[in-house]
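A.B. asks: Residue strings, one per chain:
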Amino acid sequence: MPENTHGHPEPSYLEYQGKHKGLKAWIFSTDHKRIGLLYLYTILTFFGIGLLIGLLMKLELIAPGQTIMGPDTYNRFFTLHGVIMIFVVVIPGLPAVFGNFVMPIQIGAPDVAFPRLNLLSWWIYILGILLVLSSLLTGGGAPDTGWTFYAPYSFETGTNMLPAVLGAFTLGFSSILTGLNFIVTIHRMRAPGMSWFKMPLFPWALYGTGWIQLLATPVVGITLLMIVAERTLGIGFFDPDLGGDPILYQHLFWIYSHPAVYIMILPAMGAISEILPAFARKTIFGYRAIVISTLMIAFVGYFVWGHHMFTSGMSGTALYTFSLLTFIVAIPSAIKVFNWISTLHKASINVQTPFYWAISFIFVFMVGGLTGLILGSLATDVHVHDTAFVVGHFHYIVFGGTGFAFLGAMHYWFPKIYGRMYNARRANLGWLIFFIGFNALYSPMFYLGVAGMARRYYDYLPEFHSGNIISSIGAYVMATGLVIIVVNLILGARRGEKAEANPWGGKTLEWSVPSPPPLENFEKIPVVTREPYDYSA
Amino acid sequence: MSEHHNEHTHITPFKTHLLILGALIVLTIVTVAITWTNLGVWNTTAAMVIAGLKGTLVLFYFMHLKFDQKIYRVMVLLVLAVFAAVLILTFFDYLNR
Ligand SMILES: [Cu+2]
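Listed in order, the protein sequences are those of chains U and R.
Going by this note's numbering, the first sequence wraps up at 537, each residue one higher than the last.
Going by this note's numbering, the second sequence wraps up at 97, each residue one higher than the last.
There's no promise every hint is true.
If we take Cβ atoms under 7 angstroms as the criterion, some of the chain R residues that face chain U in the derived model are [as the list claims (entries may be wrong)]:
hint, residue
1, F67
2, V82
3, V86
4, L89
5, T90
6, D93
7, N96
8, R97
Quick caveat, the hints were computed from the structure, so don't treat them as lab data.
Just so you know, these numbers come straight off a predicted model, no measurement behind them.
Glycine included, every Cβ here is placed at the ideal spot set by N, Cα and C.
The task is simple: from the sequences and hints, build the whole structure.
C.D. replies: The structure is reproduced here in C-alpha cells:
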C-alpha cells in the first residue's frame, strides 16, 4: 500500500514507482489500470497480425484463380484469422481493456475485488496465445479447420489441431477469471450511495457479460477437452467411426459460442451508452429499459445457439424453436437502438470524434442485426448459409459492432488514460476513411452471398469478380484509415496537449478524478447521490 | 481491506460430513448400477437426476450454501435453471430426430 502524501497531489498511475522498474513495473502490476493497458497493447498487436492475414486473404480474392496463395495456405489463413480475432482480440476486447481501466473508477472503487487474480488472468491469456502460436511451428503446422474446429473434419486433418484447441481452452480460463472478478467487484465495491440503478451503463453491461463469461465459457472448455480425449484416447464423442455424433459437437460449440457473441457485443453497447449521453449532453433515454435489455440479452442469449445449425440435420422441432428464440433475442437489441436514438432527440450535440464512432456504430450494428434476421429465419437461411452473406453479417456485427465501439471507447477515454489529447482533425479523417473502407469491404459480401458465392474458398467463379474487387479495395482503404487512427493515437499519447480531468463534460465518476488517475483512483471514496447521467445541473 | 468477518461462521459437525460422504458413495453406486438396466431415454434422465442430487448435497453441505445468505442460493438456482434449460433445448433436437 502506498503512503498517502497528504497535501501533495498523488502521482498518477503512470508515474507511480512501485517495487519494480521498467517492464517489470507493468507485467507484475496489480493495478487495474496498468493491467487494462497490458491487455490493450497485447490485443492491438494481435489485431494487427489478424488484420494482416485478412488483408492477404483479400488480396488473394481480388481476382479469380490463384493470385498469391494456394488453397492450403488460404485454409490455414482463415483459420488463424478467426482464432486470433475471436479468441485473442474481440472476446477479451472491451471488458479486458476498458472494463479493467474504467469500470472500477466508474463505480467509485480503488481497484477490482481481486487485483492479483486480475494479473493472473492476463498471464493465462499470454500463455493461451503462446499455445495457439505453437501450433504454427510444430507438427503439421497451423490448423485448417476454421475457427469452429468442426467435427469430424477436425479429427481427420493432418494439421496441428491440439495446440490450437488447448490454446483456446486456456484463453477461456482468462475470460472466466475476468468475468468472476468483475461480478464480485460490482456486487461488493460500489461506492456508498451507488445503488444498482445509480450505476452507469458500462458497468451494467460488464455485469451481464461477466455472467456469460462465467457460465458459458466452461462449456467450450469441456468441449475442447472432449476433442483432446477423442483424439488422444479414442473415446467416441463426436466421431461417427467411434460411435460419436458430429452434431453434438456443433451443439456444444455453439452453446458457448453464441453467448460469446454477447461477450463481444454487450460491453460494446455499454460503451456506446456512455458516449452518447456525454456528447448529447443530456441524460440517456430509458436508463432502466437499457439495463433490463442488457440482462435480457445475457439471459435469452443462452438459448439461441441452434441458429448456427439450421442446415446441420437437426430435428424440425429444434429448428423452429431456435428460430423463434432468435427472433425474441433481437427485441432487447432493438430496444437499445431506440433508446440511443431517442437520447439524441432534441439534444444540442457536441460533435467530436467519439460521437462519430458511436453513431456509425449504430449504423453498422443495425445493418449487422437486420441481416442477422435473414439468417435467423429458416427458409432464407438455407439459401445464404455458408455463403459470403454470413461473412458480411458476422463482420458487420463483430467488427462493426465491437470494433467501432472499441475505437469509440478508445477516443472517448483516451484523455483519461494518457492525460493527453490526440489531434481531433486527424482522428476524424481516420474515422471517415475507415468507415468508407469498412462498408466497401463488407457490403458487397451480402450481394455476393445471395448470388451464391460460397465462403472459405480461395477461388470463385468469374461472375463474382466485380463484387470481390470492390471488397478487396475496401479492405485496403479501411486499413489506411486504421493506420491514420493508430499513428494519431500514438502521437497523441506521446506528445499531445495535456488533457483536463473532464474534457467532454461527462458526468460519470471517472471524469471526477485527475487525468491520468492516481494509483488508487480516488483520494477519498466518493458518496454518490445523483443519477449517473444527470445533466440537469 | 477491512477486517470484516461473518458474525456467524457455521461449523458443520464431523458426523454430518460423514453422512453426506456416505450418501455420495451410495448414489455413485446407484449411478453405475442403473446402467445395467435398459430404460431407454430414462437412463440419461436418471443419471442426470442422481448427478443433480449429488451436486445439491455438495453445494449445500460441503460448500456451505445451506448456511449462507439467501442471495447465494438464488444465484446458484438461477445458474442451474439456465443449465437445465440448455439441456432441455438440446433434447428438442435429440428426441425429435
Ligand atoms: Cu449466434
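A.B. asks: If a hint holds in the structure, say so; if it does not, say that too.
C.D. replies: For each hint, the structure was consulted:
no. : hint : result
1   : F67  : 19 angstroms, violated
2   : V82  : 6 angstroms, holds
3   : V86  : 6 angstroms, holds
4   : L89  : 6 angstroms, holds
5   : T90  : 6 angstroms, holds
6   : D93  : 4 angstroms, holds
7   : N96  : 4 angstroms, holds
8   : R97  : 5 angstroms, holds
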